[in-house]
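Heads up: the protein sequence lines correspond to chains A and B, in order. With this note's numbering, letter number 3 in the first sequence gets 3, and the count goes up by one each step, no holes. Quick note, this note's numbering runs 1000 ahead of the 1-based positions in the second sequence.
Keep in mind the hints are simulated off the structure, nothing from the lab. Any given hint might turn out to be false.
Counterexamples of contact, computed for chain B against chain A with all Cβ distances above 12 angstroms [as the list claims (entries may be wrong)]:
#1 Tyr1024
#2 Glu1026
#3 Leu1056
#4 Val1070
#5 Gln1109
#6 Ala1111
#7 Phe1112
#8 Val1136
#9 Ser1157
#10 Phe1187
#11 Gly1194
#12 Val1197
#13 Thr1245
#14 Leu1269
#15 Val1278
A few chain A residues that face chain B, going by a derived Cβ cut-off under 8 angstroms, partial list only [what the hints assert, rightly or not]:
#16 Ala17
#17 Leu31
#18 Leu35
#19 Phe38
#20 Phe44
#21 Phe46
#22 Tyr52
#23 Ala181
#24 Leu192
#25 Tyr196
Just so you know, even glycine gets a beta-carbon here, dropped at the ideal spot from N, CA and C.
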Amino acid sequence: MRTLLRTLSITWALYAAAIRGEMQYRLNFLLLVLLGVFYQGSGFAFIWIVLYQFDTIAGWTFGEIALLYSLRLLAHAVWVVPFHQVQFLDTTVREGRFDRYLVRPLNPLLQVMTTRFQMNVIGDVAAAALLFTIAAHLVDLNLSPLTGAYLILVVLGGALIEGAAVVAVSSLSFRFVQTWAANHLIDNFFLLFGSYPTTIFGGVLNWALTWVVPIAFIAYIPASVFLEKTGELHMSAIVAFGTPVMGAVWFLLAYWVWHRQARRYHSVGN
Amino acid sequence: MRAAPSGMDTLDRPGRPQRNVPAYLEIIRGRLRIAVTYRQNAAFLLAAVVMQIFILRVVWTSLYGETEVVNDVNLSSMLVYLTIANLQNWALQDPSVSSYIHSRVREGQVAFDLLRPAGFVPQMLAHLVGSSLAMVLFAVAALPVVALAGTLGPPVSAAAFATWLVSLLCAYLVALLLNLILGMVAFWTMEITGIGVLYYLVNQFFAGALVPLDFFPEGLGVLARLLPFQATTYTPVAIYVGRITGTDALLAIGVQVVWIAVLVLFARLLWRAAVRRVIVQGG
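Isolated chain A (complex conformation):
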């Protein structure tokens, strides 16, 4: 217990230092936050335009899709704030900086996470919160303490699902020189497949997106629960509450992969 507290306090101190470093450039800070909002908002602009012309996607109205989309954004924001730096592990390894992390008395993954703090993630959080508020208004969603607790669990679970994929892919940095393009692909994968009711993909793909790469658990299934659409799901209603479990399982699996790959690390210098 004491070691855990100590680890947490060191991690927090490192984050605080990273944030202080970033605040040196105030204009850049503001621009990056705006960029974050714009980046996340632009994906939604597509949905807004097509639903201006057509009424529904797979029977989901604009407000309902907005809720689904905002749940994915919330999960993304929650994972990206602490974990964003993991995506840049390849540069750390290539420049030989990973050696330092190995000799310090803190878990190397935590050290990677706290290397920098890129301010555009604040924009991600702002965009997610804004869209969720609008969507909740559009579909008349009233949060009771119970649904509020469910929301928190679902967002945490979703964050772990997406974070697991990024941690696993980044761990390939220990073997390959560059992985940023693979990370770009993963980013897009979650953005593209996670923003719609997965039923539109039909059959095998729908099944795979539920059980193999559980993207459906991030936004589609929780949104169905909120909108009382669970009758449309291809599973029993209880499984629909499985997002936090899925997230935990996936993340532990990814951490295990990371740990195994890190053991293969060879320093680039000598």
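Got chain A sorted already, so can you dock chain B onto it with the hints?
For chain B alone, kept in the frame of chain A given last:
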């Protein structure tokens, strides 16, 4: 050190510009070698585009549902449009060149680029041509996969094919100029990654790669038609699938030509201002 005014005339260096052609060819060759070395990265980036094409196919198919024709466009022609538009939009421009210019400026190596007998702007154009050549080769190699993920189809007529080729060339020139201008922004700001991402998003959206321009709501549609991005993607692909025909097609190509002229002028003005701003750190 201020790299003026000797670098100034590099844009309009008098004499025989063709004597530098071997140098430009060498830059293009270098870009191709870079592309081959980092082919894994290109494969991942292309995979993201193929994924986007697939998603657009699924989403638009779902949107159409039982309806056969929306806004005078039937589903299959829409899917061909989306597939070609996304592939073309990806292949014709490479964001890595603007970040290359940025790193040259930030690290001061731009001084060497400016001192070379070949002009700086033609050098950068050669970089852009080389990288897009490589990307077109990757895109062509990926056509079988693209056909599986999206929908490929022949142009609606021989005339459409011929017009498309002309329009595609104009589209490429517009894209080239836009990317050159994007690269020149490096002379004003030390941070260009954000601007690059912003450009990518705005361009993709207003070029009509996700939604054809005729499906935009009124106000947004007017805005899209006033911006240069539609000339890079919407115009040629709409001609290919027969959305724009006859005199309208010629008119659309005319608009592309106007954009080329405007952007050339703008790039020249920008370059004149940029070269006065060059401050090489350290010196």
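Status of each hint after checking the structure:
1. Tyr1024: It holds; B:Tyr1024 is separated from chain A by about 28 angstroms at its closest Cβ, greater than 12 angstroms.
2. Glu1026: Holds: least Cβ distance 25 angstroms, greater than 12 angstroms.
3. Leu1056: violated, 9 angstroms
4. Val1070: violated, 7 angstroms
5. Gln1109: Its Cβ never comes within 12 angstroms of chain A, the nearest being 19 angstroms, so this holds.
6. Ala1111: Per Cβ check, B:Ala1111 is outside 12 angstroms of chain A; nearest 25 angstroms; holds.
7. Phe1112: holds, 24 angstroms
8. Val1136: holds, 18 angstroms
9. Ser1157: Non-interface label on B:Ser1157 holds, nearest chain A Cβ at 27 angstroms vs cutoff 12 angstroms.
10. Phe1187: Non-interface label stands for B:Phe1187: nearest chain A Cβ at 17 angstroms, farther than 12 angstroms.
11. Gly1194: The claim is violated: B:Gly1194 sits with its nearest Cβ about 5 angstroms from chain A, within 12 angstroms.
12. Val1197: With a cut-off of 12 angstroms, B:Val1197 comes too close to chain A, as the shortest Cβ separation is near 7 angstroms.
13. Thr1245: B:Thr1245 clear of chain A: closest Cβ-Cβ about 23 angstroms, beyond 12 angstroms.
14. Leu1269: holds, 24 angstroms
15. Val1278: holds, 22 angstroms
16. Ala17: Hint violated; A:Ala17 Cβ to chain B Cβ min 21 angstroms, cut 8 angstroms.
17. Leu31: holds, 6 angstroms
18. Leu35: A:Leu35 check passes; min Cβ-Cβ to chain B is 5 angstroms, inside 8 angstroms.
19. Phe38: Status holds, d = 7 angstroms.
20. Phe44: violated, 11 angstroms
21. Phe46: Interface hint status for A:Phe46: holds (5 angstroms vs cutoff 8 angstroms).
22. Tyr52: Hint holds; A:Tyr52 Cβ to chain B Cβ min 5 angstroms, cut 8 angstroms.
23. Ala181: For A:Ala181, the interface hint holds, since the closest Cβ of chain B sits about 4 angstroms away, which is under 8 angstroms.
24. Leu192: OK, holds: A:Leu192 within 8 angstroms of chain B, min 4 angstroms.
25. Tyr196: Check passed: Cβ of A:Tyr196 comes within 6 angstroms of chain B, closer than 8 angstroms.
Hint violations for this structure: numbers 3, 4, 11, 12, 16 and 20, all remaining hints satisfied.
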